[in-house]
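J.: Below, each chain spelled out in residue letters.
2 protein chains.
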Amino acid sequence: MKTEIDVKSKDFIDKFFEKSELIPAIIQEFETNEVLMLAYMNRESMRKTLETGYTWFYSRSRQELWNKGATSGHLQKVVRIYGDCDNDTLLVIVKQTGAACHTGAHSCFFYEIWRDSGE
Amino acid sequence: MKTEIDVKSKDFIDKFFEKSELIPAIIQEFETNEVLMLAYMNRESMRKTLETGYTWFYSRSRQELWNKGATSGHLQKVVRIYGDCDNDTLLVIVKQTGAACHTGAHSCFFYEIWRDSGE
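Just so you know, the sequences run in chain order A and B. Just so you know, full-length UniProt numbering puts 103 at position 103 of the first sequence, and the rest follows in order with no gaps. Just so you know, full-length UniProt numbering puts 19 at position 19 of the second sequence, and the rest follows in order with no gaps.
If you are wondering where the hints come from, they were derived from the structure by calculation, not from laboratory data. Note that CB positions come from ideal geometry on N, CA and C, so glycine has one too. A hint or two may mislead.
Derived list of chain B stretches under chain A, where covered just means 3 residues or more per stretch with a C-beta under 8 Å from a C-beta of chain A [claimed, not checked]:
#: 1; segment: 27-41
#: 2; segment: 68-79
#: 3; segment: 94-107
Cβ-Cβ distance ranges computed for the label pairs, FRET-style [said to hold, decoys possible]:
#: 4; chain 1: B; residue 1: 65; chain 2: A; residue 2: 44; range: 30 to 38 Å
#: 5; chain 1: B; residue 1: 33; chain 2: A; residue 2: 18; range: 27 to 35 Å
#: 6; chain 1: B; residue 1: 71; chain 2: A; residue 2: 65; range: 34 to 42 Å
#: 7; chain 1: B; residue 1: 73; chain 2: A; residue 2: 102; range: 39 to 47 Å
#: 8; chain 1: A; residue 1: 47; chain 2: B; residue 2: 105; range: 34 to 42 Å
#: 9; chain 1: A; residue 1: 71; chain 2: B; residue 2: 71; range: 43 to 51 Å
#: 10; chain 1: B; residue 1: 71; chain 2: A; residue 2: 98; range: 29 to 37 Å
Assemble the whole structure, with the sequences as input and the hints as a guide.
T.: As structure tokens, then:
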């Protein structure tokens, strides 16, 4: 299903790329509020995300646009997008099909490196 | 209350700064799972976060270390820290005192820029 971009959204794209060509996009699961991953968007991947309703990123290592799940089937259907207070980060709320992480884990943040000893 | 860094955590610091001097840290609230903000950590701010149990960041605009809430009182007590699958992003779970955002909003992501028309 294609989703329309409204005029307001088109105007917002430029605002997010004034400071940098690439901005971080936090991907959070709609149903559970679990943080699934972080990836980077450039102007074009943000535009394609808004046009298609599925997440597109820019891969810094491969230097190319990347439709999350295009090969694995683990697509992310976008439900909401929030900008932050200074317009340099996105919070993208998605319905995740399958696993978000390339390791097969549901979230990329499966690795606890520290916990407060009092908790 | 000071919290000890264990040896495992010390080893992990280096691993996160192999690709870049600065890595994004997603700040998520422990009680609600709300994503509050994103800020950047360098090696030193990660070390100070682990040592003190409160968040320290590196401000890209001011080019200095920054103890979140030091002036506003809106401290973030760290409960858990997760690394991601490729060791270049942190997910920091905190107990937030007051507002995370400098605007006074609880979360920096208060600005909805898009929603799926079907939701």
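J.: Is 34 to 42 Å right for how far apart the beta carbons of residue 71 of chain B and residue 65 of chain A are?
T.: At roughly 41 Å between Cβ atoms, residue 65 of chain A and residue 71 of chain B fall inside 34 to 42 Å, so the hint holds.
J.: Check the following: the C-beta atoms of residue 65 of chain B and residue 44 of chain A are separated by a distance inside 30 to 38 Å.
T.: holds (35 Å)
J.: Is 29 to 37 Å right for how far apart the beta carbons of residue 71 of chain B and residue 98 of chain A are?
T.: Given range 29 to 37 Å: violated, Cβ gap about 44 Å.
J.: Are residue 73 of chain B and residue 102 of chain A spaced within 39 to 47 Å by their CB atoms?
T.: holds (41 Å)
J.: Quick check on a hinted range of 27 to 35 Å for residue 33 of chain B and residue 18 of chain A, using CB atoms only.
T.: holds (30 Å)
J.: Given a hinted range of 34 to 42 Å, is it respected by the beta-carbon distance of residue 47 of chain A and residue 105 of chain B?
T.: Violated, since residue 47 of chain A and residue 105 of chain B (Cβ atoms, about 27 Å apart) do not stay within the stated range.
J.: Count the residues of the segment 94-107 of chain B whose Cβ falls closer than 8 Å to any Cβ of chain A, and tell me whether that reaches three.
T.: Satisfied; 4 residues make the cut.
J.: For the segment 27-41 of chain B, does the count of residues with a C-beta closer than 8 Å to a C-beta of chain A reach 3?
T.: holds (count 7)
J.: Using a Cβ cutoff of 8 Å, are there at least 3 residues of the segment 68-79 of chain B near chain A, or does the coverage claim fail?
T.: This one holds; 3 residues, not fewer than the three required, reach chain A with a Cβ under 8 Å.
J.: Is it true that residue 71 of chain A and residue 71 of chain B lie within 43 to 51 Å of each other by Cβ?
T.: holds (48 Å)
Of the numbered hints stated above, those contradicted by the structure are hints 8, 10, listed in ascending order.
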